[in-house]
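If you want the building blocks of each chain, they are given just below.
Protein chains: 2
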Amino acid sequence: MTAFHMESGSLADGRQILYFNTAPDAGRGGFADKRDLGGRVSAGEIRYDVLRDEWVAVSAGRSDRPTLPVACPLCPSHGDELTEVPAPDYEVAVFENRFPSFGGFDAPGLPAPTEIPDGMETAVPAAGRCEVVCFSDDHDSSLVELSPERVALVVRALAQRTAELSARGDIAQVFCFENRGVEIGVTLHHPHGQIYGYPYVTPQTRKHLAAAKRHKETTGRDLFDDIIASERRGPRVIAENDHWIAFTPYAARWPFEVQIHPKARFADLAELPEEYIDAFAPLYLEVLKRCDGAFPGQQMPYMAGWHQAPVGEGREFGRLRLELVSIRRGAGKVKFLASSESVMGGWVHDLGPEASADILKGAL
Amino acid sequence: MTAFHMESGSLADGRQILYFNTAPDAGRGGFADKRDLGGRVSAGEIRYDVLRDEWVAVSAGRSDRPTLPVACPLCPSHGDELTEVPAPDYEVAVFENRFPSFGGFDAPGLPAPTEIPDGMETAVPAAGRCEVVCFSDDHDSSLVELSPERVALVVRALAQRTAELSARGDIAQVFCFENRGVEIGVTLHHPHGQIYGYPYVTPQTRKHLAAAKRHKETTGRDLFDDIIASERRGPRVIAENDHWIAFTPYAARWPFEVQIHPKARFADLAELPEEYIDAFAPLYLEVLKRCDGAFPGQQMPYMAGWHQAPVGEGREFGRLRLELVSIRRGAGKVKFLASSESVMGGWVHDLGPEASADILKGAL
Chain A
1 MTAFHMESGS LADGRQILYF NTAPDAGRGG FADKRDLGGR VSAGEIRYDV
51 LRDEWVAVSA GRSDRPTLPV ACPLCPSHGD ELTEVPAPDY EVAVFENRFP
101 SFGGFDAPGL PAPTEIPDGM ETAVPAAGRC EVVCFSDDHD SSLVELSPER
151 VALVVRALAQ RTAELSARGD IAQVFCFENR GVEIGVTLHH PHGQIYGYPY
201 VTPQTRKHLA AAKRHKETTG RDLFDDIIAS ERRGPRVIAE NDHWIAFTPY
251 AARWPFEVQI HPKARFADLA ELPEEYIDAF APLYLEVLKR CDGAFPGQQM
301 PYMAGWHQAP VGEGREFGRL RLELVSIRRG AGKVKFLASS ESVMGGWVHD
351 LGPEASADIL KGAL
Chain B
1 MTAFHMESGS LADGRQILYF NTAPDAGRGG FADKRDLGGR VSAGEIRYDV
51 LRDEWVAVSA GRSDRPTLPV ACPLCPSHGD ELTEVPAPDY EVAVFENRFP
101 SFGGFDAPGL PAPTEIPDGM ETAVPAAGRC EVVCFSDDHD SSLVELSPER
151 VALVVRALAQ RTAELSARGD IAQVFCFENR GVEIGVTLHH PHGQIYGYPY
201 VTPQTRKHLA AAKRHKETTG RDLFDDIIAS ERRGPRVIAE NDHWIAFTPY
251 AARWPFEVQI HPKARFADLA ELPEEYIDAF APLYLEVLKR CDGAFPGQQM
301 PYMAGWHQAP VGEGREFGRL RLELVSIRRG AGKVKFLASS ESVMGGWVHD
351 LGPEASADIL KGAL
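Going line by line, the protein sequences match chains A and B.
Going by my numbering, the first sequence opens with residue 1, and the numbers climb by one from there.
Going by my numbering, the second sequence opens with residue 1, and the numbers climb by one from there.
Certain hints may be false.
[To be verified] Each pair of labels, with its calculated beta carbon distance range:
#, chain 1, residue 1, chain 2, residue 2, range
1, A, Glu316, B, Val334, 52 to 60 Å
2, A, Gly185, B, Pro148, 31 to 39 Å
3, A, Arg233, B, His139, 13 to 21 Å
[As the list claims (entries may be wrong)] Okay, derived cross-link-like pairs now, DSSO-like style, lysine-lysine, Cα gap no bigger than 27 Å in a straight line:
#, chain 1, residue 1, chain 2, residue 2
4, A, Lys207, B, Lys263
5, B, Lys207, B, Lys263
6, B, Lys263, A, Lys335
7, B, Lys213, B, Lys289
8, B, Lys361, B, Lys335
9, A, Lys335, B, Lys335
10, A, Lys207, B, Lys213
11, A, Lys333, B, Lys263
12, A, Lys335, B, Lys333
13, A, Lys216, A, Lys289
14, A, Lys333, A, Lys263
15, A, Lys207, A, Lys335
16, A, Lys207, A, Lys263
17, B, Lys335, A, Lys213
18, B, Lys207, A, Lys207
19, A, Lys207, B, Lys216
20, B, Lys361, B, Lys263
21, A, Lys263, A, Lys213
22, A, Lys216, B, Lys216
It should be emphasised that the hints constitute simulated quantities derived from the structure, not laboratory data.
In this text, all values refer to a predicted model and were calculated from it rather than measured experimentally.
Backbone N, C-alpha and C fix where the C-beta goes; we use that ideal spot for every residue, glycine too.
Based on the provided sequences and hints, a complete structural model is requested.
Have a look at this one:
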C-alpha cells in the first residue's frame, strides 16, 4: 500500500489547487501563483431538452480556451514561466479548470432538479465542478509510460476527489476521465485527465441504472456480476488478475473498446480498497500498452472514463468500472461518427468485437 | 406539383437500382450492369447490449469498403467506366448499398425482437435494408447547388422509399440522411445521401417517443406543437415559410444545429402532401446556403437526417422533421466529441445556441 499526503494551495484567481505527494511535508502547497489572471470565468447554465428528457450545458466562456498554447499551462512554474501549477515540481496535481463546463465561483450550491420541468424552456445555473488532474510534471510523458506506483497515486487522487465532490451537495455524479490524442481534439499534450462533477445524472448512467434495476427485479441477480461471469468464459478477455478483469464487451460500439471491472462490487472509487488500487495499476498499464501496440508506431487515441454510481440516487444499482474507447479503426484510419450514430444513436461495429479483441490480445 | 416516374433495374450482383425521373419513359432502367462483382456482401448481425437496452449492428464486411476510390462509383457509367449506376445519365438514382450495415440478401425477413432478451449474449441476423440515394449525376455538385425542383424530386424519392420499406415487414424504422464533408469522414464526394431501414427502433427515437407520450399524458397536447409554438416566439428562428419552420433548438447540443419542422403533423415522409414537399425545397436550400455562408470560403460539414415515426409502434407520438447538425465550431475549427459526450452522454455547448443561430441568421 502506498499512502499519499495532500497539500492545498490557491491560484491567482481564487481557484483551488491540490498536490498529491508520496512524501509528507513536501511543501508544494505554499508556492504562490504570481500571475495576474483577472476575474474567474463563469460556467453558464444547464438547459433542459424537452425532446430527450436530458440536461445540456451551455458554457459560452469555454470558446476562449487556448488551443495548443505555446507554453504548457500544466508544467510546473519555473522562473518567469508561470503556469497553472505554482510549485516547481509535483507528482500528481489537481486544480479547478479555468474554463469550466460546470460550476464556477458564482454558481449556487444546488444540483439540477430531478423532476421533469414544466414548459418548453427551463434553465438553471450550472452548479458542479470541473477539475484538471495532472499525472506527472514531465510534459513529454504519457500515462502509459508512468510507473505502477504513480498510476496508483493518480487513482488515489481520483478517489479522494470523488469522496470530496460527492459531499458538496451540488453534484449529482462524479466522472473522472482522460482524453488522449490529437485525433479526438486534445489541446494539451501534457499527461492529464479531468474530473466533471455533473449537476445531473448523465444519460448513459441513467440507462445503466435502469438496466441493472430491471435485471435485479427480473432475475434477483446483479447485472454486472452476470456480465463479468459471461465475459470471463468468452473470447474477448484482454487482461486479468486477482482483482480486475478487462474485456471487449459482446455488444461493443467503438472499433476498440475495453471495459475494466473490479471483481467485487464497489459503487465508486472512494469505496475501492487499497489492494484493488494497487492491483489496478499494472493491469491498466498492460491494457494501455496493448492499445499502443495494436498498430505499431501509432499511439492509440482514446477516451477513458470511470463509471461511478451517482451521489444521491440509484446508488444500489450503480457500479464502478472503467471504460476505454477509441475511434482508431485501422492503421492510419479513424472511425467518424456520422448520422446513424450521431442523430439516431444507431451504431455499427465494422471490425467486429472479437476481431478487435484479437488485435489487442496479440499486441504485446 | 412535380410528378415523378420510377424505373427499376438490377445490378450485377442482384441488388436493385431505381431511377426517379421527371419525364415518363426515360428508359434508364433497361441498361445492364456489365461488371463482374462476385457475390453479395452479407450484413452480419445485430447484438443486444444488456447494459444500455439497445441493439448494436456488427457488420465486419464493411471494413472492405472503398476509401475515396479513384473512379467515382456514383457517377453514371460511360464506355469502359462502369459504376454502380448502369445508365449513362440520371436525375435521382437509388440503389442497395453494396456494403450494408443492415440487411442483405441472406437476412431473414424479421425485425429485432421488441421484448428484452434473456441472457448476456443475444444476437439475431441483421434484417433491414441500406440504400444509397444519388442526388445528381454531376459529380462536382452538392445538394445546396441543386434546383428546388431537384431537391423536391429527392424528397419524393425518399417518400417513395419510406413507404416501400415500411411495408416490407423486416424494418422497424426508416432513416433518410446525408453526411457531408471530409471533416465527418465522408468517403465519396459525389452528392448523395443514404437510407437505413433499421431492424429496431433507434435509441434517440425511443427517447423522443417517451417524451412525446409523457407530454400528451401530462398536458393533453402534442409536444412538437408546443416546441414549434415556443420556438416561433424565440430568437433562434433561421428560416420560415407557410408550411415549414427552421430553428436552432433551445437546448442545442452541436455547435450548429437546425431543426426543420412542417407546421402540421405528419408521421413520416410518405404522409407529406405535395405542397409541403414543394415548399420544403426552397426553405432547405436557404438553410444550407446559410450554413455554407457562416464561415466564408469554408463549406459546412453536416449530418442531416429525417426523424420519422417508427413503422409499427409509437406511431401516434412520432413526428416528421429534419435535424441538421454540424461539428464546425468556428473558422477552421471543429468540435470533437470527447469523454463527456461519448462515454457519459453529457453535452456542453461552447458557443451558446443563440450565438450559433445569430451566425446563421446573418450568413446571407
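Open item on the list: For a quick check of understanding: which of the numbered hints are violated here, in increasing order?
Closed with: Per hint list: 1, 3, 4, 6, 7, 11, 13, 14, 17 and 22 violated.
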